[in-house]
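Undergrad: Numbering (numbering that gives the first Met the number 0), first residue to last: 0 to 893.
Honestly, I wouldn't trust all of these hints.
Stated by the list, open to error - No farther apart than 20 Å at their CA atoms in a straight line, the calculated lysine to aspartate or glutamate pairs in the EDC-like style are these:
#1 Lys516 with Glu61
#2 Lys143 with Asp157
#3 Lys395 with Asp536
#4 Lys850 with Glu755
#5 Lys143 with Glu111
#6 Lys496 with Glu428
#7 Lys547 with Asp491
#8 Lys735 with Asp878
#9 Lys352 with Glu327
#10 Lys352 with Asp380
#11 Lys417 with Glu428
#12 Lys57 with Glu127
#13 Lys675 with Glu659
#14 Lys751 with Glu763
#15 Lys687 with Glu553
#16 Lys316 with Asp697
#17 Lys547 with Asp380
#18 Lys395 with Glu140
#19 Lys580 with Asp62
#20 Lys417 with Asp380
Don't read these hints as lab results, they were simulated from the structure.
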Amino acid sequence: MVKLTDQQEAIVRHTFGPALVFAVAGSGKTTCMVHRIKHLIEQKVVPPDQILATSFNKSATEDIRRQLQQLGVASGVTCQTLHALGYGLIREAVRRGHLSRRWLHNEIAPEEAHSRLIHLTVTQLAIEAGVDVADLNIDREDLKNQISIWKGNLMYADLAGAALPEAALSLARQAGHEHEMYIRAYRKYETLRRQHHLLTFDDMLLTGWELLIRHPDLLNAIRRRYRMVMVDEFQDVNFAQYQMLDLITEPHRNYMAIGDDDQCIYEWRGADPRFILEFENVYGATVYTISDNFRSTAQQLALANAVIAHNRRRYPKRLSLTRGFRGETHIHAEASHLEVARAIVGEIRRRLKQNPRATESMAILIRLYSQTALLEAAFIDAGLPYQIVGAEPFYKRTEVVTLMQYLSFAEKEKAIRKQGFPRDEAEGEKYLKMFRSIINKPWRYVSRDIVDAVVEQARRRRESVIAVLLAGEAELKPKVRRQVEEFATAIDRLIPKLRRPAARTLAWLVEYIGYRKYLTDISGIRELGLARVQTVDALITLAEGRGKCGEFLEYLRRISTAPPISSPAKPIPIMTLYRAKGLEWDTVFIPGCNEGLIPCAPALEAASSSDQKGNREPPSSLSTQEVEAERRLFYVGITRARRVLHLYYARSEPLSPFLEQADYASVLSRVQRVKKILLEEKPFIREKDLFFLCREIDGLHLQRYFRRWAGLPEGSRKTLRLLVEDLHHRMQHQEKQHREYQQALRAYQEAKQQYERQRRQLQETISRTPVVIRQYKSALYPVKAGDTLEFDYYSDGEVMVTSQRGLVGVVEFSLMPGVDREAVIWPLSVAEVCEVAENEPLIRARLIQVKFSPQYPTFAGFDRTPPKPPPQYIARLNDPQLQKNLQILLEAVK
0 MVKLTDQQEA IVRHTFGPAL VFAVAGSGKT TCMVHRIKHL IEQKVVPPDQ
50 ILATSFNKSA TEDIRRQLQQ LGVASGVTCQ TLHALGYGLI REAVRRGHLS
100 RRWLHNEIAP EEAHSRLIHL TVTQLAIEAG VDVADLNIDR EDLKNQISIW
150 KGNLMYADLA GAALPEAALS LARQAGHEHE MYIRAYRKYE TLRRQHHLLT
200 FDDMLLTGWE LLIRHPDLLN AIRRRYRMVM VDEFQDVNFA QYQMLDLITE
250 PHRNYMAIGD DDQCIYEWRG ADPRFILEFE NVYGATVYTI SDNFRSTAQQ
300 LALANAVIAH NRRRYPKRLS LTRGFRGETH IHAEASHLEV ARAIVGEIRR
350 RLKQNPRATE SMAILIRLYS QTALLEAAFI DAGLPYQIVG AEPFYKRTEV
400 VTLMQYLSFA EKEKAIRKQG FPRDEAEGEK YLKMFRSIIN KPWRYVSRDI
450 VDAVVEQARR RRESVIAVLL AGEAELKPKV RRQVEEFATA IDRLIPKLRR
500 PAARTLAWLV EYIGYRKYLT DISGIRELGL ARVQTVDALI TLAEGRGKCG
550 EFLEYLRRIS TAPPISSPAK PIPIMTLYRA KGLEWDTVFI PGCNEGLIPC
600 APALEAASSS DQKGNREPPS SLSTQEVEAE RRLFYVGITR ARRVLHLYYA
650 RSEPLSPFLE QADYASVLSR VQRVKKILLE EKPFIREKDL FFLCREIDGL
700 HLQRYFRRWA GLPEGSRKTL RLLVEDLHHR MQHQEKQHRE YQQALRAYQE
750 AKQQYERQRR QLQETISRTP VVIRQYKSAL YPVKAGDTLE FDYYSDGEVM
800 VTSQRGLVGV VEFSLMPGVD REAVIWPLSV AEVCEVAENE PLIRARLIQV
850 KFSPQYPTFA GFDRTPPKPP PQYIARLNDP QLQKNLQILL EAVK
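Please take these sequences and the hints and turn them into a complete structure.
TA: Spelled out as structure tokens, the structure:
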């Protein structure tokens, strides 16, 4: 039986009303969710058949279902994906007559339907345009992803034609794209889908939401059925799913969202961290946090915390350690990305020597598939098996194949010009097929009819297709003729370069034909365009040191046709950080920790955006939102490792700012020192190490670890306990001395404050009190209001007063209560006449410049000596935070 933590127990006991659970990576949130379901049923809060437990992905719902069975929870709870929920709404709508039954009587699976519709769409668009499908310049995978994004965001191909109710129009939008062809394709796609009554996974959500908002009877039925709704991986929901759940839960809001905004990495397909971050305010939800991480060690968690702390748009929380310090995190600097690939393979080979089964729990996580080219080459050269998850090997990708076809075509064109058309029919057809493939890559707008005619003539005449193409160029439109001539010139210039090193020739070819710009232009999603360009750059890097073009072509042919590598080691998966979400391994490698990959630029760098003339466009900068999304993705990668994490960067490029901002060297050094203190069984631990440990309880967020999870070796525990107890006793012993010092310090400060008050009061009294002057009868010159008076001393100490015109009189201190003549240096002071008495020889003036005597006791300065502070170590022992953390340690080592 799983023992729940205090954090999990609080969530399990939540009954009615909205709730939001922030569950960090590796926190066992599914366990918490199923125990809550069990509690709700056992306490008869709600019947099982009125509970909906759902998630974005299928594996999560299967895990919920499996754990419920293990707990012996009665059947009846609905555990399904949000897509399945949408499909259930479609089925119910058909049953109620809101939709045609033809939508359910189609045997084509949703994913297959999506692919088939994409094929039909591009085929029909090509027919309508009178061009070959390849010449449409629409990447099918791009289009497939883009349509999914549109539908997940409630964006319609034809919003006006959808005739949505008014309530829906405030949420739905018209799809838009910088390439008009993608919008045309979306409209065609939808037309074909309705004609064939096909449902894709995306339609299950879009149509499900649309049915709820169109048909109140269907909406009320689903609301009555589910009175308790729990959503796992809430950070992954898209706009369509968010709105669908909002409609279903509106009457009761017994609605619990479980997720982690720090792991929201699918924004490109419609997820938005705002949905989880604003949930509390939108629904007035009770907020819970599960901070315990049961997957990784301190070496990964400290770095992950330091990285993600720099995101501003997030819910404040920290990964709490449970598994201790017996892990490793290494940051490796290599000369180049090629050396990074070799270093990773070298590390894997070392691990295999130590343990032949080491690769069973290893993975390499990349930011872009373009990174696999160098990795694959290193694996192949080392004879190690690998598996690219989610993509073809690099040598089978279209952007690579096209360049290889250019080289192969140039080789064959060179041979034909010297020896004539190939006698081998298969070789001739291969040559003509390559021409078909490359003539419109990049775009040259040569129609399919022209290509067919040129190929047929070349076949019939047994001539070079270039010669045939140029012979008929007079019949072409000016623009196409110019493009044809540029293609022929490119091949003419390429042929002599075949004798050069392959890397130089490929670099020239890519620049000359404007291949990078072409790859970005045909990509519906900018990041995919960047990945393709970087795959090309990696291909050029790979070609370095592998001979001339013919030798490099032979190398690629050999590895592409070679049988799978035979090895007792399990193939190591190489996948993107996106695909790693929800997975974990003992050892994780993350190459490419450089600026430009982590974070990944949304547009090509200046060097990657050259046109055919070599002009460079300035690179665009990442927005704050994009940077934070990239930082979340890196955080997800770091938290996939259970024990060992290797991060690699190339010294030839700037280090990832995410590592720099996290001050990674300091973080890992501090973790290593704490590990050494806790795990090295020494006969003694230095006091300064104990102080360091207490400081890092806060710095590395170890409070909860020491309170609940710390499992220290017995030797370290005993040594640490003796030192902590000794310090604890010394703290108690020194407390009296510290208290006496504090009392003396307070008395001193009070006396000083009293002195300052008296000083200020006397100054104010002197400054406010009028100076009274007894005027001499013999004074020759009378004074009037506003005249300036100065002072000096007689030999007997009396203070004489003079004006600019002569002697005036003396200061009459007896008429100035509270003013002592010794308190002021009179010759350095100045007054101004305020009043001249009419009936008596008195003048009143106010001091406009006064110099107080430093010898006068009140102004002489505070002469008491402050109490001597106790030694620094005593003051340190009395620091409240230190005392708190020492108490935490004391409880941990008992």
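Undergrad: Please go over all the hints and tell whether each is borne out by the structure.
TA: Consistency of the hints with the structure:
Using a Cα cut-off of 20 Å, the hinted pair lysine 516 and glutamate 61 is violated, with the two alpha carbons roughly 44 Å apart. A C-alpha spacing of about 18 Å is found between lysine 143 and aspartate 157, which places the hinted pair at or below 20 Å, so the restraint holds. Between lysine 395 and aspartate 536 the alpha-carbon distance is near 15 Å, which keeps this suggested pair within the 20 Å criterion. Straight-line distance between C-alpha atoms of lysine 850 and glutamate 755 comes to about 17 Å, which keeps the hinted pair within the 20 Å bound.
Between lysine 143 and glutamate 111 the alpha-carbon distance is near 12 Å, which keeps this suggested pair within the 20 Å criterion. Restraint check: the Cα-Cα separation between lysine 496 and glutamate 428 comes to about 24 Å, which exceeds 20 Å; the hinted pair is violated. Restraint check for lysine 547 and aspartate 491: satisfied, since their Cα atoms lie roughly 18 Å apart, inside the 20 Å limit. Restraint check for lysine 735 and aspartate 878: the C-alpha separation of about 15 Å stays at or below 20 Å, so the hint holds.
Note on lysine 352 and glutamate 327: the hinted pairing holds, with a Cα-Cα distance of about 19 Å set against a maximum of 20 Å. Between lysine 352 and aspartate 380 the CA atoms are separated by roughly 17 Å; this keeps the pair inside 20 Å, and the hint holds. For the given pair, lysine 417 sits about 18 Å from glutamate 428 by alpha-carbon distance, which is consistent with the 20 Å threshold. Using a Cα cut-off of 20 Å, the hinted pair lysine 57 and glutamate 127 is violated, with the two alpha carbons roughly 39 Å apart.
As the CA atoms of lysine 675 and glutamate 659 are separated by approximately 25 Å, the hinted pair breaks the 20 Å bound. The suggested pairing of lysine 751 with glutamate 763 holds, with an alpha-carbon distance near 18 Å, which does not exceed 20 Å. This hinted pair does not check out: lysine 687 and glutamate 553 have alpha carbons roughly 63 Å apart, beyond 20 Å. Among the hinted pairs, lysine 316 with aspartate 697 is consistent with the structure: their alpha-carbon atoms are about 14 Å apart, no more than 20 Å.
Of the supplied pair hints, the one linking lysine 547 and aspartate 380 holds, its CA atoms being roughly 19 Å apart against a limit of 20 Å. For the suggested pair lysine 395 and glutamate 140, the alpha carbons sit about 15 Å apart, so the restraint of at most 20 Å is met. Between lysine 580 and aspartate 62, the direct Cα distance comes to roughly 15 Å. Compliance with the 20 Å bound is thereby established for this hinted pair. The hinted pair formed by lysine 417 and aspartate 380 fails the criterion: a straight-line CA distance of about 36 Å is larger than 20 Å.
The earlier numbered hints that this structure contradicts are 1, 6, 12, 13, 15, 20.
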